[in-house]
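Peer 1: Next come the chains, spelled out residue by residue.
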Amino acid sequence: MLNVALPKGRLGEKVYAMFESAGYECPSIKENNRKLIFENEKKQVRYFWVKPSDVAIYVERGAADIGVAGKDILLEYNPDVYELLDLNLGKCRMAVAAPNDFNDDGQKTLKVATKFTNIAADYYASIGREIDIIKLNGSIEIAPILKLSDVIVDIVETGTTLKENNLEVKSTIVPISARLIANKSSFKFKGEDIERIVDSMKNQVKCND
Amino acid sequence: MIDNNILRNEEKAIFALRSLYGRYGYKPFKMSKFEEYEFYIQNKDFLVSDRIIAFNDTSGKLLALKPDVTLSIIKNGEDINGYKQKVCYNENVYRVSENTHQFKEIMQTGVECIGKIALYDINEMILMAAESLALRSDNFVLEISHLGLLSSLLDNVCKNTAFKQETIKYIADKNPHDLSRICDENNVDENLKNILLCFIAIYGERSTVLQKLDTLGEYVSKDALNTLKTLSSMLDKLSCSDKIKFDFSAVSDMNYYNGIVFKGYIKGLSQSVLTGGQYDNLLYKMGRKSGAIGFAIYLDLLEDLPDEKQDFDVDVLLLCDDTTDNNILTDNVKQIIESGKTVSVQNTDTGKIRYKELKDIRGGV
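Going down the list, the sequences are from chains A and B. According to this note's numbering, the first sequence holds residues 1 to 209 in order. According to this note's numbering, the second sequence holds residues 1 to 365 in order.
Where hints are given, some of them may not hold.
[As the list claims (entries may be wrong)] Under the rule of at most 25 Å between Cα atoms (straight-line distance), these lysine-lysine pairs were calculated in the PhoX-like manner:
id, chain 1, residue 1, chain 2, residue 2
1, B, 243, B, 267
2, A, 43, B, 267
3, B, 193, A, 206
4, B, 212, A, 202
Please keep in mind that the hints were generated in silico from the structure rather than gathered at the bench.
Produce the complete structure using the sequences and hints provided.
Peer 2: Written out as structure tokens, the structure reads:
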């Protein structure tokens, strides 16, 4: 039985469609109910919906053999998993944004508000910039407006929210998209099944490009 | 005589592994629980975590609870021409858990061979690693990598250290998409990029891997490739040969490790339970002339293997009270134990003890 952790929400639904096309369908998942675990005994596959940020934990700890997680989560928590395929879904970027008129002259410690403290710390360490990290859990955009921080490090999709708050992207840290990940031990023992899925999804990604 | 049924998974493993290593001439090595703190600070890059439990001893000297065993063994050895120090150990180490970020006591068993390391020694180490895994499960995989092969490939692609480190991470993650991206960002030649992407996809059954490596031509070290070929043919003779694979995603810190490195997995456990490899570079850094190879098994992880489930706590629940004659009670207990059964003497059946048979001698019956 192959256990698959899917991220709840629109991304998860798109990803399930890819699994279905790969021949691992599970019709009961489309029933309108509050169940979280769905199994197709014949296809030897079990899906479960989990919070997107928890997918990597389920996979790293072996509760799921494979799963789909955003690159932002993988960079932030650095789970010990294989990252087998870029699904090219949920594409966005991790970026530094600041008020339009802000210019970092490097003379003072830079105050950075973010939900992604590890990504921000690694990025500024790589360019040797002294920073003070302010961990926030939401509405990051208001931090520079209220002078809580100089800049923010956050996910930018279309940039509309930034624009509406008079912010702009100052630099891109890394492109983000959904990734197919696998538990390292599961890959040793269920490798053939996992590779079959990867090959099929790879073709689907190519066709969608 | 020890009743095997009462032993936990990790306890069974300790006895079986010590016996296995003894058959290959590895002598138990007992070390102190503490080392000087300064010793670990000097070698902190070798440690899994640089957070160490330190305290002052009675003379004020700063000591540490061992976070690692290998360093202590190396420190205590000496280089003697023609001699290989072969030791096994079973020790607790104290490290910060990556999950809880708290200190954790970890029971670790392992072997170390220190001296001039020949191909036979590598083969012997892999053989013992495979047999160690086989003692716990028939369903295991031991994957072998060669860091010399990887570093020769990277030297041919790019001299930039930061690029190499990122490449190693992506190879360890089996992540071809980000590997491709950083190749483009670093203007790596298209042909060399394809060689790297080809390399990341080479893993699995040994003979197939060797055939594929041959196609990489001069990009990989001939010496490393020949070592893998000879080793593979030596491993062919083992009964569990099909469970030993090549997988170059098994990478370890190249500042300390060189040559062959390996990891062992058991079905049902979510992470590798065995890690090992050749670490000549560590000995060199510590001023030793010898080479070394060894591995460790993390016994705490074996807790997650399914135990044979016990349906009962005891065979007989023997109930007595204040009026029961003590001689009769003692005779009853003796009789039950002599019949090969287990017994628990209690005053009432509270439901906390699961038993096969109830014997009630309350009221002096």
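Peer 1: Please go over all the hints and tell whether each is borne out by the structure.
Peer 2: A quick look at each hint next to the structure:
no. : hint           : in the structure
1   : 243/B to 267/B : holds, 12 Å
2   : 43/A to 267/B  : holds, 21 Å
3   : 193/B to 206/A : holds, 19 Å
4   : 212/B to 202/A : holds, 22 Å
Checked against the numbered hints given earlier, this structure breaks none of them.
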